[in-house]
Each structure stands twice: as C-alpha cells, then as structure tokens.
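Q: Same order as they appear, the protein sequences are chains E and Y.
Taking this note's numbering, I'd label the letters of the first sequence as residues 1 to 114.
Taking this note's numbering, I'd label the letters of the second sequence as residues 1 to 116.
Incorrect hints may have been included.
No more than 30 Å apart at the CA atoms, straight line, and that leaves these computed lysine-lysine pairs for DSSO-like [claimed, not checked]:
# : chain 1 : residue 1 : chain 2 : residue 2
1 : Y       : LYS57     : Y       : LYS13
2 : E       : LYS58     : E       : LYS69
3 : E       : LYS58     : E       : LYS71
4 : Y       : LYS57     : E       : LYS69
5 : E       : LYS106    : E       : LYS58
6 : Y       : LYS57     : E       : LYS106
7 : E       : LYS106    : Y       : LYS13
8 : E       : LYS71     : Y       : LYS13
9 : E       : LYS61     : E       : LYS106
Reference listing, derived: stretches of chain Y covered by chain E, where coverage requires no fewer than 3 residues with Cβ under 8 Å from a Cβ of chain E [to be verified]:
#  : region
10 : 37-47
11 : 67-79
12 : 83-95
13 : 106-113
If you're looking for bench data, these hints aren't it; they were derived computationally from the structure.
All values reported here derive from a predicted model rather than from experimental measurement.
Ideal Cβ positions, reconstructed from N, Cα and C, are used throughout, including at glycine.
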Amino acid sequence: AQSVSQHNHHVILSEAASLELGCNYSYGGTVNLFWYVQYPGQHLQLLLKYFSGDPLVKGIKGFEAEFIKSKFSFNLRKPSVQWSDTAEYFCAVNANQAGTALIFGKGTTLSVSS
Amino acid sequence: KAGVTQTPRYLIKTRGQQVTLSCSPISGHRSVSWYQQTPGQGLQFLFEYFSETQRNKGNFPGRFSGRQFSNSRSEMNVSTLELGDSALYLCASSQLGLAISTDTQYFGPGTRLTVL
Numbered sequence: 001a002q003s004v005s006q007h008n009h010h011v012i013l014s015e016a017a018s019l020e021l022g023c024n025y026s027y028g029g030t031v032n033l034f035w036y037v038q039y040p041g042q043h044l045q046l047l048l049k050y051f052s053g054d055p056l057v058k059g060i061k062g063f064e065a066e067f068i069k070s071k072f073s074f075n076l077r078k079p080s081v082q083w084s085d086t087a088e089y090f091c092a093v094n095a096n097q098a099g100t101a102l103i104f105g106k107g108t109t110l111s112v113s114s
Numbered sequence: 001k002a003g004v005t006q007t008p009r010y011l012i013k014t015r016g017q018q019v020t021l022s023c024s025p026i027s028g029h030r031s032v033s034w035y036q037q038t039p040g041q042g043l044q045f046l047f048e049y050f051s052e053t054q055r056n057k058g059n060f061p062g063r064f065s066g067r068q069f070s071n072s073r074s075e076m077n078v079s080t081l082e083l084g085d086s087a088l089y090l091c092a093s094s095q096l097g098l099a100i101s102t103d104t105q106y107f108g109p110g111t112r113l114t115v116l
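So here's chain E without its partners, still in its complex pose (with noise of 0.2 Å):
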C-alpha cells in the first residue's frame, strides 16, 4: 500500500532561517507529488505540485519542492521564512490514473518566531 512519511512532526525556526521538510513516499510506479498548507483556522490550501518534467517546482509564497526520484523524496524548501509561514504542512502523494485519492503523510507543524 502507498504510504507517506514525514519526518519532522514540529519545526521550530526564527525568522529569515531556512526551511526545509522531508517528505518520503512509497510507491513504485508513476506518481503526482503536492504540498498542501493549513494556516490555523483556514483551509488546506495547494503549496505546489509535480506531475512531470522539471522536478523543481515552484509554488506560492516563495515555496520550492524537489522531486528525487531515485530517493522516492519530495522535499519542501524556503530560503527564509517568515513568521506568517507558521502552519501545518502536509505532503500527499496521488498514484497515476487513481483518480484524486491522495495519500497524505501526517503533516508537520511550523512554528516560526519573530
């Protein structure tokens, strides 16, 4: 069965450091990779995506992932965050052709102090 770990359960950072969560997923064949945000008491709102072609990707608010396929990771990153950025983060993984299942991995709580 797919599965998607995260790493890091809580992150902890001042402001203008650097960010970067781990994601790992398991699956063998072809996948579509997101990163989804909650802002507390908002909605999950989309980060970015990958479905093919360049594996990095750009997304909103100055967010980057890479996908590295040989590693089965998906990582998130953000040169310098910024006290709004304090959220949960999740990583979902949709298997190619299966409709829009995905597969979420148990997010990661930001916390960024000013």
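Please arrange chain Y on chain E, whose structure you already have, making use of the hints.
A: Same frame as chain E, but now just chain Y:
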C-alpha cells in the same frame, strides 16, 4: 468564483445515530472527494465521486457512504455513529479528478463532527 462549501460546519451527534454531510463543489468541477481528518490518523481518503459515479474508495467500513448528484453536489452519510467517528470531514473538488497536471483539487472548510 465561490470556493468549496460544506454544511453544516459543526455537528454534535450521539452514538448510534446517523449523519449526513453536504458538499457543494466549485462551479464546473465534476469530481468531489471526501477525507476524514483526526489528530491520530491524520488525513485519510474516504471516497471520490466523478459524474455521479463512485470512482475510488478508501479503507473505511460500509457505514460510510456517499453520493453525488447531477449538479455535482455531494453528500456523505455515516450510519450507526461511533465515538471514533469524531473528526473533521473535508470535501475537495476538482474539474477532472487530477487527470491532467493543470487540474487542482480545492478543499472546503470542513464539517466538525463530534460524537458523544
């Protein structure tokens, strides 16, 4: 464009009762998916409907069911509620069910179900 809407936003039920939750997708979206979010299990896929047909189902008991209407609105039903069904139930819609890279799944605010 209005986003995904879910009603009701909050619900309190007792064990053994049944409940129906409603989701209105973004206009023009044909795919609706449902997820359960709990602190322990995280986000788990329940099922997906596309053009009124269930296209995909997660690993949940038969007490969880759903349907989609011709206007793409969807309902999910949970019968014989258990304490463990307390969760945030999220609905998401997309135009084509992620069939192409330009398709995106948008989530609603969720319905918070508490089972006493």
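Q: So which of the earlier hints does this model not fit?
A: The structure breaks hints 8 and 11; every other hint is satisfied.
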